[in-house]
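> Build out the structure end to end from the sequences listed, making use of the hints.
Chain order of the listed sequences is C and V.
The opening residue of the first sequence carries number 1 in the working numbering; numbering runs sequentially from there.
The opening residue of the second sequence carries number 1 in the working numbering; numbering runs sequentially from there.
Think of the hints as simulated: they come from the structure by calculation, not from any bench.
Treat the hints loosely; a few may be bogus.
With a cut-off of at most 30 Å between alpha-carbon atoms, the simulated DSSO-like pairs for lysine-lysine come out as follows [to be verified]: (1) 291/C x 60/V; (2) 193/V x 101/V; (3) 309/C x 101/V; (4) 309/C x 85/V; (5) 101/V x 60/V; (6) 276/C x 291/C; (7) 291/C x 309/C; (8) 193/V x 60/V.
Partial list, computed: chain V residues near chain C (C-beta under 8 Å) [to be verified]: (9) 72; (10) 105; (11) 235.
The structure displayed is predicted, hence computed values, not measured ones.
In this text, a Cβ means the ideal position worked out from N, Cα and C, and glycines have one as well.
Residues per chain, in single letters:
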Amino acid sequence: MELFLPIAHMDVNIALILAYGAVVGFLSGLVGVGGGFLITPLLIFTGIPPIVAVSSGATQMAGTAAGASYIQWTHGNIDFRMALVLLAGSWLGGGFGVVLANALVRGGDFGNVVIFLYVVLLGFVGLSMLVESLGAILRARAPARPAPARHGPLERLARSIVSRLPFQTEFRVSGVRMSVLVPLVLGAFVGMLTSLMGVGGGFIMVPIMIYLLRMPTRIAVGTSMFQLLFTTAAVSIMQAGVNHAVDPFLAATLILGSIVGTSSGARLGARLPGEKLRLILALVVVGVAIKMVMTLVIPPAELYEMSTKLP
Amino acid sequence: MKRRLRIAGLALALFAVHARAADGIVLEPETDHVDITTTYSGTDVRIHGAIDVAADLIIKITGPAQEVTLSREVQRGPFWIGGGKAEVSGAPSLVYLYATKPIASLLPPAERARHGLELEAVELSIEPQAGGISEDRWRRAFFRLKEREGMYREDDRAIRITRGRLVMSDINLPAEIEFGTYRIEALLVRGGKVIGRDAGQFEVRQVGIGRWVWGAAHLHAWLFGVVCTLAAMVLGFGLNAATHRRR
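This is how it looks when you write it as structure tokens:
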């Protein structure tokens, strides 16, 4: 069945869009990522103008994140205090990122530099997670040998500095105690990255929560979802206000599709042990990095591309 | 520029007088509007007409102008990265040249140019933003992409003339369509000359809920964004809460 999208000015196959929504919803429910990295290219591949794909994708994520947050909340997986601190950080960082992006664009070659940095970062994060989670799974199979405590001198130094920072706070749901400044700064870093790259940043945020903030995997997934709700809602409103690019029909169809995916993803996530969840997330992150590298190295069939400006 | 415009205007006026004196063709689209509803996925607009002499026929369909951004990839070392952009404005979203025979065999180049019957001579303005390649290369890329999409095309089998008099043709409107006025221009051709002409037009417009949504998105952009986003959140939350509780 076909649906003509009033903002994108084109028709799409409803079943196809529902399927996209389901896939992205599943990932969101399972590992707490927004899925913008997946949904945007899929929509563009279908012929949706890029700006509409990005904007309506954000609207869909706000909807999916609202649903997924509800499920995560019923499972007690959201650390609200941590989420608020991260959110405050990411808004600060996001604002700074916009200013930075403007300055860099004027300097030229900005897009290319960011993409390279991003690929390197993604690859590093993804591969480290892959190694760690595989190691954890293997160790779990051989429980006789205790996990070796490997704290290098750098890490010990970092820990001693962090533990002396002011505003030490108890994050009870996550079971960690640290200075508010730590998640604030990390949130700002992710926020800056998101506004530079134009992605939700869930797949950077979750690893940061797991490895740097030492939050349990399940809580990290739930908290990331809750946090994404606000980030994506803000992006969605801005895109509609500035670019008139939110197509409500497209977003609604994606959300309907995502419902199926989200609840089954969240149910599976509740059953899987943390290291397997981390392994899945690692595969997702590595997949994104590989995809980005491929677009960089595979010669395009057509050197030129045309995109219609929205009236 | 002004002088060229004046000359063009004069030529156009002379042409109009000449054409009126030598009609010989009438033509009318079956409708003066195409309504785009939420189920639209492309359609045909039929043109009916009649000619009163044995001659060949060219029908040119021109869509409303649109603005397009062109971008280009370049190779730097092993990597393919963004290498420039250009804004194209004033170009018709669609140009169909329908004819009873290949246009090149009907009219000499000068005549073709005078009547705007060359796809790659469509008027447009190109503003390179970055990338350091010539305007001409952007222009060629634009036409190549438009032709590949089928939005600019020549078709010498799209017109049917029955019993030497009755003209019928179907304009295939694509699913991805620009809203606005589509102009139809018909030229009657014999012996390498245009001997008659007629023109018509139809509107492509969005109707119903689609029109309402589009209007809201543009007139009250911020309110629209807030309402859409809240609605998306309520939809996602509500549906999940409903399916979740049942279990």
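> Decide, hint by hint, whether the structure agrees.
Right, here's what the structure says about each hint:
Between residue 291/C and residue 60/V the CA atoms are separated by roughly 44 Å; this puts the pair beyond 30 Å, and the hint is violated. Only pairs whose Cα atoms come within 30 Å are accepted, and residue 193/V paired with residue 101/V is accepted, the gap being roughly 14 Å. Between the alpha carbons of residue 309/C and residue 101/V the distance comes to roughly 35 Å, so the proposed pair goes past 30 Å and is violated. A C-alpha spacing of about 13 Å is found between residue 309/C and residue 85/V, which places the hinted pair at or below 30 Å, so the restraint holds.
Annotation: proposed proximity of residue 101/V to residue 60/V holds, straight-line Cα distance about 13 Å (limit 30 Å). For the proposed pair residue 276/C and residue 291/C, the alpha carbon gap of about 22 Å is at most 30 Å, so the pair holds. With a C-alpha separation of about 27 Å, the suggested pair residue 291/C and residue 309/C falls inside the 30 Å cut-off, and the hint holds. Of the pairs offered as hints, the one joining residue 193/V and residue 60/V holds, with about 16 Å between alpha carbons and a cut-off of 30 Å not exceeded.
Taken as an interface hint, residue 72/V checks out: its beta carbon lies about 5 Å from the nearest beta carbon of chain C, inside 8 Å. Hint status for residue 105/V: violated, given a least beta-carbon distance of 31 Å to chain C, over 8 Å. Because the closest C-beta pair between residue 235/V and chain C is about 5 Å apart, less than 8 Å, the hint holds.
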